[in-house]
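Novice: Build out the structure end to end from the sequences listed, making use of the hints.
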Amino acid sequence: MAPILETKNLTMQFGGLTAVDNINFKVNSGEIVALIGPNGAGKTTFFNCVTGVYTPTSGDIFIAPNKTSPQRINGLKPNKVTEKGLARTFQNIRLFQNMTVLENVMIGRHIKLKSGLLGAIFRPKATMDEEQKVIQDSYDILTELGLEQYVNELAKNLPYGAQRRLEIARAMGTEPALLLLDEPAAGMNPQETKELDEMIVKIRDVNKISILLIEHDMSLVMSISEKIFVVDYGKLIAEGSPDEIKQNPDVIKAYLGDEDA
Amino acid sequence: MSDILKYFTVKEMKKSLVMSLWFMILTFPIMVIKVNTIEDTVVWRWGNLIGIGIGAFFMSTLWRYLLERKNMQSPLSDKKTLQIRVMDWANENPKAKTTALIAVGAFMAAFPFLTSMYQTSIMTTALMYIVLGLGLNIVVGLGGLLHLGYAAFYAVGAYTYALLNYHFGLSFWICLPIGAGLATVMGILLAIPVLRLRGDYLAIVTLGFGEVIRIILENWNDFSFGPSGIANIPRPGFFGMSMKLQTATIYIYFIMIAMVIFTIFVVRRLENSRMGRAWIAMREDEIASESMGIDITKSKITTFALGAFWAGMVGVIFAAKTTFINPASFTLWESVMILCVVVIGGMGSIFGVVIGALILILLPEYLRAFSEYRMLMFGAILVIMMVFRPGGIISNIRKKYKFEPTQNSAESSKEGV
Ligand SMILES: Nc1ncnc2c1ncn2[C@@H]1O[C@H](COP(=O)(O)OP(=O)(O)OP(=O)(O)O)[C@@H](O)[C@H]1O
Ligand SMILES: [Mg+2]
Numbered sequence: 076m077a078p079i080l081e082t083k084n085l086t087m088q089f090g091g092l093t094a095v096d097n098i099n100f101k102v103n104s105g106e107i108v109a110l111i112g113p114n115g116a117g118k119t120t121f122f123n124c125v126t127g128v129y130t131p132t133s134g135d136i137f138i139a140p141n142k143t144s145p146q147r148i149n150g151l152k153p154n155k156v157t158e159k160g161l162a163r164t165f166q167n168i169r170l171f172q173n174m175t176v177l178e179n180v181m182i183g184r185h186i187k188l189k190s191g192l193l194g195a196i197f198r199p200k201a202t203m204d205e206e207q208k209v210i211q212d213s214y215d216i217l218t219e220l221g222l223e224q225y226v227n228e229l230a231k232n233l234p235y236g237a238q239r240r241l242e243i244a245r246a247m248g249t250e251p252a253l254l255l256l257d258e259p260a261a262g263m264n265p266q267e268t269k270e271l272d273e274m275i276v277k278i279r280d281v282n283k284i285s286i287l288l289i290e291h292d293m294s295l296v297m298s299i300s301e302k303i304f305v306v307d308y309g310k311l312i313a314e315g316s317p318d319e320i321k322q323n324p325d326v327i328k329a330y331l332g333d334e335d336a
Numbered sequence: 011m012s013d014i015l016k017y018f019t020v021k022e023m024k025k026s027l028v029m030s031l032w033f034m035i036l037t038f039p040i041m042v043i044k045v046n047t048i049e050d051t052v053v054w055r056w057g058n059l060i061g062i063g064i065g066a067f068f069m070s071t072l073w074r075y076l077l078e079r080k081n082m083q084s085p086l087s088d089k090k091t092l093q094i095r096v097m098d099w100a101n102e103n104p105k106a107k108t109t110a111l112i113a114v115g116a117f118m119a120a121f122p123f124l125t126s127m128y129q130t131s132i133m134t135t136a137l138m139y140i141v142l143g144l145g146l147n148i149v150v151g152l153g154g155l156l157h158l159g160y161a162a163f164y165a166v167g168a169y170t171y172a173l174l175n176y177h178f179g180l181s182f183w184i185c186l187p188i189g190a191g192l193a194t195v196m197g198i199l200l201a202i203p204v205l206r207l208r209g210d211y212l213a214i215v216t217l218g219f220g221e222v223i224r225i226i227l228e229n230w231n232d233f234s235f236g237p238s239g240i241a242n243i244p245r246p247g248f249f250g251m252s253m254k255l256q257t258a259t260i261y262i263y264f265i266m267i268a269m270v271i272f273t274i275f276v277v278r279r280l281e282n283s284r285m286g287r288a289w290i291a292m293r294e295d296e297i298a299s300e301s302m303g304i305d306i307t308k309s310k311i312t313t314f315a316l317g318a319f320w321a322g323m324v325g326v327i328f329a330a331k332t333t334f335i336n337p338a339s340f341t342l343w344e345s346v347m348i349l350c351v352v353v354i355g356g357m358g359s360i361f362g363v364v365i366g367a368l369i370l371i372l373l374p375e376y377l378r379a380f381s382e383y384r385m386l387m388f389g390a391i392l393v394i395m396m397v398f399r400p401g402g403i404i405s406n407i408r409k410k411y412k413f414e415p416t417q418n419s420a421e422s423s424k425e426g427v
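First to last, the sequence lines map onto chains A and B.
This note's numbering numbers the first residue of the first sequence as 76 and each following residue consecutively.
This note's numbering numbers the first residue of the second sequence as 11 and each following residue consecutively.
Check each hint, because a few of them may be wrong.
Claimed, not checked - In silico DSBU-like cross-links for lysine-lysine, where the CA-CA straight-line distance does not exceed 30 Å:
1) A/K208 x B/K409
2) B/K105 x A/K200
3) B/K412 x A/K321
4) B/K409 x A/K200
5) B/K308 x A/K187
6) B/K412 x A/K277
7) A/K231 x B/K308
8) B/K409 x A/K231
9) B/K80 x A/K187
10) B/K412 x A/K187
11) A/K189 x B/K412
12) B/K308 x A/K208
13) A/K159 x B/K308
14) B/K80 x A/K189
15) B/K105 x A/K189
16) A/K155 x B/K308
17) B/K410 x A/K187
18) B/K308 x A/K200
19) B/K410 x A/K208
20) A/K200 x B/K412
21) A/K155 x B/K80
22) B/K105 x A/K231
23) A/K208 x B/K44
24) B/K80 x A/K200
25) A/K231 x B/K410
26) B/K412 x A/K231
27) A/K189 x B/K410
To be verified - In silico negatives: residues of chain A with every beta carbon more than 10 Å from chain B:
28) S104
29) E106
30) I196
31) E267
32) E270
33) M274
34) V276
35) S294
36) G315
37) P317
38) E319
For the record, the hints were derived by calculation from the structure and aren't laboratory data.
Just so you know, even glycine gets a beta-carbon here, dropped at the ideal spot from N, CA and C.
Specialist: Here it is in structure tokens:
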């Protein structure tokens, strides 16, 4: 079966800086894969290329969600990529601050709904049913992520950890086949990180969503991921199981060369 | 009250003193020196200086007191604002809410019969600004796109009626949808080139667009009759009946009332629909909303198109009301005025826009004495609003949904304004 996400020689340059350098990368369906590397290694840029925020300078990105045959998605707009089954969270939280928690998830469900201008104005039964359903579905997602007590709060009023979880809830609203998490544990305390750990595994097992995560918290990475890719200065320097990565001399060097290793 | 006393410490007094000195220097040339050109003498009005000094001193103290008080409120505090308390009360007492609505309705219906034609005419203008404000609110308040050329669409509506009537004798009621339609098309045409712009850049381009339309109207004499404009535009007809001026004024007033109700009805439904939510998400964060599957291109075009729709419609009514139009009615000042209605009233809030329009249009009419200082007061109000109530007089409160905690069935309830 084709991998759910595959990049071939993916390169992204900003002027003279090569932020992503010739990366060959693969996530198989049902896997939890981690992408790690020192600060500024190009991890977020990699995400941005895959999700359509940036158009890569060269190389190919293929996705094959839900057992379809692989399709090339270079240069597609982010909303089209999301429609195809990739959803993401942001490293620097980007919630819709002045919308309620429920509405944030409802936006995630946008692509699953149909009603347009006339539906909004005349409110035929189809639209009303659809609205009723999206409210319920969004509420269910919030419940799954333990956010139901905040339903009607504005997103900006949530505690930090809850905002991070809401980012995940919103992305799950799009019913992705692959969920890309950019440092989901950043700023969380150990207790919250542990809960997040369980949550991610549950999302994979129960919702059948493959997961690709960027993370600096090594305990989280080592405990949940089946495969790890390591980048440094935009280049892929290692890939393998957590145990292999722990022993890889290149990885140790990259991290020890970095101050916050 | 006791905490206001702490603003009268020596340190605070010093700050206020510096501020008042600064103001005295700033206003010295205009407020103190007066040249009598006939006698060629200079009159020194020292009394003004003292007045400004004392005034600035107290204003500065008050300003810092209010600012401090505002900063003390944490965003997470449970303290409910007056607005939320009133809304909660209204939701708990549906009867009172209905009564209030009926009272307002009755007042508005009786208004033209209780007051003079002049008053009715001013109120009609205020109602027009309500619809214009609600239209622009779709672009600025919901879509978050700063649009400074809104008057251009207003002009499109007005000229559509004036010209179609002049050349082909088309009636008001036929031109109303045509004007709205043409303005909508113009909205789409403007939206396409500005798709990639946001913030200041968008504001500048839309401002330019508005000016271009006005300049075209002013200079293309064969088409628009230039600065002299078009006169003798017929008032709205009522099955071919001819009306006295007074009846016609009242008739237009009620057309506007119907229009306001229609607009509020549609905008209310839009803002809590799938489409409206997408607009708000775009306002909140373009990149995030795009990553959640929202087609930004489509959202931008629909906000511009729908915003323009209302402007076109009001434009037709404006032409019919004044019976004379020329490009001077559609200047940048007009766009700014409508923007002020939205910003001061409350971005994204229907009730806020209604209040904003009433305040901005009616107050200057009834405070004629201050009309010279109108611009000054507008500026002052805007600055004060931005500092103390950036959300506008009435801030937008999102709709809340009720859920049965145990059950799986969701029950939505309307609580939005
Ligand atoms: N839009 C951009 N324009 C120019 N340079 C950029 C841009 N985005 C990222 N970069 C550069 O690309 C490099 C990789 O950045 P990136 O954000 O992908 O790193 P990262 O691996 O996510 O780091 P962190 O762990 O700190 O989040 C950095 O040197 C950064 O300055
Ligand atoms: Mg990053």
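Novice: Is A/K155 close enough to B/K80, meaning Cα to Cα at most 30 Å?
Specialist: Not satisfied, since the Cα-Cα distance of roughly 43 Å exceeds 30 Å.
Novice: Does A/E106 really sit off the interface, with its C-beta more than 10 Å from all C-beta atoms of chain B?
Specialist: holds, 22 Å
Novice: Does the structure keep B/K308 and A/K187 at a Cα separation of 30 Å or less?
Specialist: holds, 16 Å
Novice: Is the Cα-Cα distance between A/K189 and B/K412 30 Å or less?
Specialist: holds, 24 Å
Novice: Can the restraint linking B/K308 and A/K200 be considered satisfied, given a maximum Cα separation of 30 Å?
Specialist: At roughly 24 Å apart (the allowed maximum being 30 Å), A/K200 and B/K308 satisfy the hint.
Novice: Mind checking the alpha carbons of A/K208 and B/K44 for me, to see if they're no more than 30 Å apart?
Specialist: With a Cα-Cα distance of about 72 Å, the restraint between A/K208 and B/K44 is violated, given a limit of 30 Å.
Novice: Hey, is A/V276 genuinely clear of chain B, shortest beta carbon separation above 10 Å?
Specialist: holds, 24 Å
Novice: Taking 30 Å as the top limit, are the C-alpha atoms of B/K412 and A/K187 close enough?
Specialist: holds, 23 Å
Novice: Taking C-beta pairs only, is A/S294 more than 10 Å away from all of chain B?
Specialist: holds, 28 Å
Novice: For the pair supplied as a hint, B/K412 and A/K231, confirm whether the alpha-carbon distance does not exceed 30 Å.
Specialist: holds, 20 Å
Novice: If you draw a straight line from the CA of A/K231 to the CA of B/K410, is it 30 Å or shorter?
Specialist: holds, 16 Å
Novice: Hinted pair, alpha-carbon criterion (30 Å max): B/K80, A/K189. Please report holds or violated.
Specialist: Violated, because 43 Å separates the two Cα atoms, which is more than 30 Å.
Of the hints listed earlier, those the structure fails to meet are numbers 3, 9, 14, 15, 21, 22, 23, 24 and 30, in rising order.
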